[in-house]
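These protein sequences, in sequence, are chains P and D.
So that you can map any letter, position 234 of the first sequence is 234 in my numbering, and since no number is skipped, the others follow by simple counting.
So that you can map any letter, position 205 of the second sequence is 468 in my numbering, and since no number is skipped, the others follow by simple counting.
Treat the hints with caution; some may be incorrect.
[Said to hold, decoys possible] Derived EDC-like pairs (lysine to aspartate or glutamate); straight-line CA-CA distance at most 16 angstroms:
| id | chain 1 | residue 1 | chain 2 | residue 2 |
| --- | --- | --- | --- | --- |
| 1 | P | K93 | P | E162 |
| 2 | P | K218 | P | D186 |
| 3 | D | K454 | P | E27 |
| 4 | P | K188 | P | E86 |
| 5 | P | K218 | P | E27 |
| 6 | P | K135 | D | E465 |
| 7 | P | K71 | P | E27 |
| 8 | P | K218 | P | D252 |
| 9 | D | K352 | D | D338 |
| 10 | P | K71 | P | E162 |
| 11 | D | K454 | P | E248 |
| 12 | P | K93 | D | E555 |
Hints in this document: simulated from the structure, not taken from any laboratory.
The structure presented is a predicted model; accordingly, all values stated were derived computationally and were not measured.
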Amino acid sequence: MAACIEIEQLSRSFDTAKRGTHLALSEISMAVEEGQFVAIVGPSGCGKSTLLYVVGGFVAPTTGRVRVVGKEVDGPGPDRGPVFQEFALFPWKTVLGNVSYGLIQRGVARREALARARALIELVHLDGYENFYPKELSGGMKQRVAIARTLAYGPRILLMDEPFGALDALTRTRLQNELLEIWERDRKTVMFVTHSVDEAVFLSDRVFVMSRSPGRIKCVIEIALPRPRRRTELLVNRRYQDYVVSIEREMDDPAEDIATHGG
Amino acid sequence: MAGDMQARIPSPPTSDLSGFGQLKATSLGKPRFARSEARALAARSLAPIPGLAPLLACLALLLAWDVAARLVAIDSLPSPWSVLNELPKLLSDREVLLNILDSLRRMATGFALAVLFSIPLGLSMGRSRLVAASCNPLMMVIYPVPKAALMPIIMLWLGVGEAAKILVIFLGVSLPVIYHSYQGARAVEEKMLWSAAAMGMEARTRLMRVVLPAALPEIMVGARTGLVLALITMVTSEMIARQSGIGNVLFNALDMAQYQPVYAAIVVIGMIGLLLDVAFEKLRGKLVSWAEPAFPIIAGST
C-alpha cells in the first residue's frame with residue numbers, strides 16, 4: 001500500500017506576545033497508509049491538533065512538508081474533510097442545508113445533492129430531522145450532522161479533531177460505534193486526534209503518542225485487534241487492556257511534567 | 264427571592280391588568296408555587312389584549328402632558344388633545360403628504376446606499392487585518408462627529424438639494440452598520456470558515472457565503488441603529504436645508520408660531536419611526552430566526 005499522508009521534518013512555531021517564539025511541533029515525520037485509521041494522542045498542548053490542521057492545509061508549516069497522495073499540501077481541499085470538536089455547522093442552514101452545502105458548492109445539481117444528503121442523513125440516523133436548525137439539536141446530533149456534511153463531498157481522508165470531546169460518555173460511545181460502522185463500509189484514511197487513550201485504541205490501527213514542549217512523536221503503537229470491533233467486547237479483552245495501559249504509561253511520564261513546568 | 268420579600272412586605276391591592284399578579288398571588292399565602300402561578304396569571308391577564316401595556320403607557324404620557332400644559336399655560340406647550348385634533352388635518356393636507364413622501368424617499372435612498380456600502384466594508388475589516396488597520400483610526404475619528412454638523416460644509420459642496428441630504432443620511436447610517444458588520448465578521452468561528460474552505464470555497468466566496476450570513480444577526484443590530492439615525496439625520500438635514508420634507512413642515516410651522524402643527528409633526532415623525540422599527544423587526548425575525556434561542560428564556564427565573 002502506498003503512503004496516503006507523508007509528513008517530513010515538519011515543524012511549526014508560533015510567535016507569542018509574552019514569551020517570544022513557541023515551538024508547537026518539532027521535526028515530525030510520519031506516514032499514514034491509504035485506508036488506515038490512525039489516532040494521535042497526547043497531553044493537551046502537545047500540538048496534536050496543530051498537526052492535524054497542517055495536514056488539512058488550514059495552518060502552514062514553518063519548515064518541512066506534508067504530502068497527500070504524493071502532492072504537497074498548500075491549502076485546504078475537498079480531498080481532506082475536517083470534523084471539529086466545535087461542530088462548526090452553519091447555523092443559518094438546516095440539517096439538510098448543511099449536509100448538501102458542500103455538494104452544491106462543488107457544482108452538483110441541486111436535486112442530486114439533496115438526494116445524496118438525505119441518504120447521508122439516514123446513514124447518521126438523523127432522518128426526520130432534515131429541516132431542523134443546528135440550535136435545535138443536541139451535541140451528539142450536531143456532530144452527526146458535521147460528519148455527514150464532511151462525508152457528503154467525498155473526501156479521501158477524514159481529519160477528526162477530538163470530534164467526540166464535547167459529548168457525554170453515552171453519546172460518545174454510541175458515536176464511536178457508529179463511526180466504525182461507517183468506516184468499515186469504505187475504509188477511508190482517518191487521522192483522529194484525541195486525548196482519550198481508550199478511544200484511540202478502540203478506533204484505530206495505529207496510535208501515535210505525542211509528548212509536549214516541543215510537540216514530538218514519542219512512539220507509535222500498532223493495534224492488532226480484530227475488526228469489526230464492538231466496544232462492549234473490547235472492554236473485557238485482555239490485549240485491549242494491555243494496549244491502553246502501555247499507552248497510558250507512555251503518556252504518564254513524570255520527567256516530562258517536570259521538563260514542562262520546571263523549565 | 265423577590266417573591267419572598269414581597270410576601271413579607273404588605274403589598275397594596277393591585278388589579279390583574281397591572282401585571283403585578285405576582286404580589287397578589289404571594290399575599291394569598293401560596294409562597295411555594297406563587298412565582299410560576301403569578302407569571303401565568305400576569306401572562307393570562309395581558310395576553311388577550313395585545314398592545315394594552317404600551318397603550319396604557321401612551322395614555323399616561325398624554326395625561327402627564329395635559330397636566331403640564333395646564334400648569335405652565337403657554338402657547339408653545341399646547342394641550343395634547345388639541346395636537347391630536349391637529350393630526351387628521353395635517354395628514355389630509357396634500358402638501359404635507361408630499362413632504363412626508365419626499366422625506367421617506369431620501370431616507371430610504373440614504374439608508375440603502377449606506378447599507379450597500381457599509382456591510383462589505385465592515386466584513387472586509389473584520390476578516391482582513393490590513394483593511395481593519397487602515398480603516399479603524401479613520402472610523403474612530405468620524406464616529407463621534409455629529410453628522411448634521413457637517414451639513415453646512417456639505418451644502419457648500421453639493422448645494423442645498425437632494426444630494427447633500429442623502430449624503431448626510433448616508434454618513435449617519437454608515438458608521439453603526441460598518442461597526443457592527445466589523446464586529447460580526449470578527450466573531451465568525453474560524454473553524455466554520457475552515458469547513459467551508461475544505462469544501463473548496465475560495466476566500467472571496469467565503470466572505471459572501473459564510474461570513475455574511477454568520478454575521479447577519481450582528482449586522483441587523485447595526486442596521487436597526489442605522490434606521491433610527493437615518494430618521495434623525497433626515498429631519499435635521501431638512502431643518503438646515505429647508506426645501507421639502509417633514510422637517511421642513513415642522514420648522515416652517517415653528518417659524519410661524521403655529522404650535523399645534525409643530526407638535527403634530529413631531530408625533531408624525533415619532534409614528535414613522537415606530538412603524539419603521541416594527542417593520543424592521545419583522546424582517547429581522549424572518550432573516551435571523553435561526554439565531555434566536557431555541558427555547559424562550561425567562562429572564563431572572565430561578
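Structure-based check of all given hints:
no.: 1; hint: P:K93 - P:E162; verdict: violated (24 angstroms)
no.: 2; hint: P:K218 - P:D186; verdict: violated (30 angstroms)
no.: 3; hint: D:K454 - P:E27; verdict: violated (26 angstroms)
no.: 4; hint: P:K188 - P:E86; verdict: violated (22 angstroms)
no.: 5; hint: P:K218 - P:E27; verdict: holds (12 angstroms)
no.: 6; hint: P:K135 - D:E465; verdict: violated (27 angstroms)
no.: 7; hint: P:K71 - P:E27; verdict: violated (20 angstroms)
no.: 8; hint: P:K218 - P:D252; verdict: holds (12 angstroms)
no.: 9; hint: D:K352 - D:D338; verdict: violated (19 angstroms)
no.: 10; hint: P:K71 - P:E162; verdict: violated (26 angstroms)
no.: 11; hint: D:K454 - P:E248; verdict: violated (30 angstroms)
no.: 12; hint: P:K93 - D:E555; verdict: holds (13 angstroms)
In this structure, the hints that do not hold are numbers 1, 2, 3, 4, 6, 7, 9, 10 and 11, in rising order.
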